[in-house]
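*Asks:* Can you build the whole structure from these sequences, using the hints too?
Those protein sequences? They're chains A and B, same order as listed.
For the record, in the first sequence the residue sitting at position 79 is 79 according to this note's numbering, with numbers rising by one throughout.
For the record, in the second sequence the residue sitting at position 108 is 108 according to this note's numbering, with numbers rising by one throughout.
Treat the hints as calculated values from the structure; they're not laboratory data.
Because the structure is a prediction, the values reported are computed rather than measured.
Do not take every clue at face value.
With a Cα cut of at most 30 Å, we get these calculated DSSO-like pairs of lysine-lysine [as the list claims (entries may be wrong)]:
| # | chain 1 | residue 1 | chain 2 | residue 2 |
| --- | --- | --- | --- | --- |
| 1 | B | 131 | A | 165 |
| 2 | A | 165 | B | 165 |
| 3 | A | 131 | B | 165 |
| 4 | B | 186 | B | 131 |
| 5 | B | 96 | B | 10 |
| 6 | B | 165 | B | 131 |
| 7 | A | 10 | A | 96 |
2 protein chains.
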Amino acid sequence: MSENAFALPKRYEVRLSGLGGQGLILAGRLLAEAAALHDGKYATQTQSYGPESRGGDSRSDVVISDEPIDYPHIIRADLLLAMSQMACDRNFYSLKREGILVVDADMVQHVPTNRAYLVPITRVARQEVGKAVVANVLALGVVVALSEVVSRQAVTAAVLAGAPKGTGAINRRALEVGFRLGDELKAGR
Amino acid sequence: MSENAFALPKRYEVRLSGLGGQGLILAGRLLAEAAALHDGKYATQTQSYGPESRGGDSRSDVVISDEPIDYPHIIRADLLLAMSQMACDRNFYSLKREGILVVDADMVQHVPTNRAYLVPITRVARQEVGKAVVANVLALGVVVALSEVVSRQAVTAAVLAGAPKGTGAINRRALEVGFRLGDELKAGR
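*Replies:* Printed below as a string of structure tokens:
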């Protein structure tokens with residue numbers, strides 16, 4: 001259980017959006033697995049595919065709850081991650097008024113609110129972890145640090161279980177950089 | 001495109017249900033990928049996880065359409081696969097009146113309609129393919145043969161792309177046995 005479980009709403013909705021190839025479908029699956037397999041909660045994950053899946057829009061919706069989930073669709077997202085301008089434009093409407101918006105600062109030039117968290121996610125993944133391909137896991141670290149919707153132990157266990165052989169260390173590092181960035185954003189640094 | 005694309009409804013809903021560990025989440029993902037990446041359609045796939053994911057209920061919902069999908073959840077399923085009694089009992093309500101019900105004949109003793117297709121899916125996977133673990137892919141073959149919701153080429157390509165290294169041949173064989181069973185059921189044999 002998350003340390004803050006008692007303070008959380010029963011139902012928490014996360015939408016991860018960006019471009020195909022950014023690994024957001026996998027990130028959504030790992031978040032749902034963290035919640036259900038490691039934190040003892042219920043979770044659903046929905047992904048959308050189109051003929052343009054490779055390179056086009058990509059979206060992964062995760063609903064996490066302390067109770068079985070009757071309605072697995074996003075009603076109003078508590079947290080929206082946007083890793084491309086189009087994803088930000090298309091999905092901002094789905095965010096709650098008091099919801100958390102996280103954008104990749106290099107990918108999203110026009111941010112629709114001044115209450116967003118701007119993080120150069122892909123650049124940090126490349127510069128601090130050494131591989132842009134772990135930007136999805138780094139983003140997951142930011143999301144978990146900001147929302148506390150699952151425990152850090154749970155998401156770490158899910159990422160390590162889901163990481164292809166030989167990539168455990170780099171994925172763990174990406175996640176930890178994400179936690180640190182999320183903590184700094186929360187602290188207002 | 002499926003050979004019968006023009007005869008299909010624009011939107012087709014499939015629910016794959018059974019026990020955790022039967023591989024139905026993967027089967028749903030492969031069906032969605034077949035539709036979107038190989039048949040040029042739109043698809044969504046939703047999976048539900050609970051604290052009891054391993055061994056408990058498992059459900060994977062796939063919506064396939066010729067057009068972008070606004071509402072990614074099952075309204076009334078066109079096809080329901082039930083690989084356990086509980087899955088059949090819990091999900092039969094979601095099937096359209098004229099929808100297709102496929103059950104694993106050894107797992108489901110009480111079938112709620114005489115219009116169901118009874119197939120000993122897991123037993124055939126073990127006896128004819130040599131491994132019960134490919135029952136999910138065999139079931140996918142049955143589903144595709146009965147529904148024609150995606151082309152056989154598309155689902156074969158998706159299964160081969162998604163199969164772990166070294167398991168391509170056995171998965172292909174499972175799929176083909178599934179096609180044959182589906183064809184026989186359709187022909188009323």
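*Asks:* If a hint holds in the structure, say so; if it does not, say that too.
*Replies:* Hints and how they fare:
1. Pair hint residue 131 of chain B plus residue 165 of chain A holds up; C-alpha atoms about 25 Å apart against a cutoff of 30 Å.
2. Only pairs whose Cα atoms come within 30 Å are accepted, and residue 165 of chain A paired with residue 165 of chain B is accepted, the gap being roughly 13 Å.
3. A hinted pair counts as satisfied when its Cα atoms are at most 30 Å apart, and residue 131 of chain A with residue 165 of chain B qualifies at roughly 25 Å.
4. For a cut-off of 30 Å, the pair hint linking residue 186 of chain B to residue 131 of chain B stands: about 25 Å separates their Cα positions.
5. Proximity of residue 96 of chain B to residue 10 of chain B is assessed by CA-CA distance (about 15 Å); at most 30 Å being required, the pair is judged to hold.
6. A distance of roughly 16 Å separates the Cα atoms of residue 165 of chain B and residue 131 of chain B; the hinted pair therefore holds under the 30 Å criterion.
7. For the hint linking residue 10 of chain A to residue 96 of chain A, the alpha-carbon distance of about 16 Å falls within 30 Å, and the restraint holds.
Checked against the numbered hints above, the structure breaks none of them.
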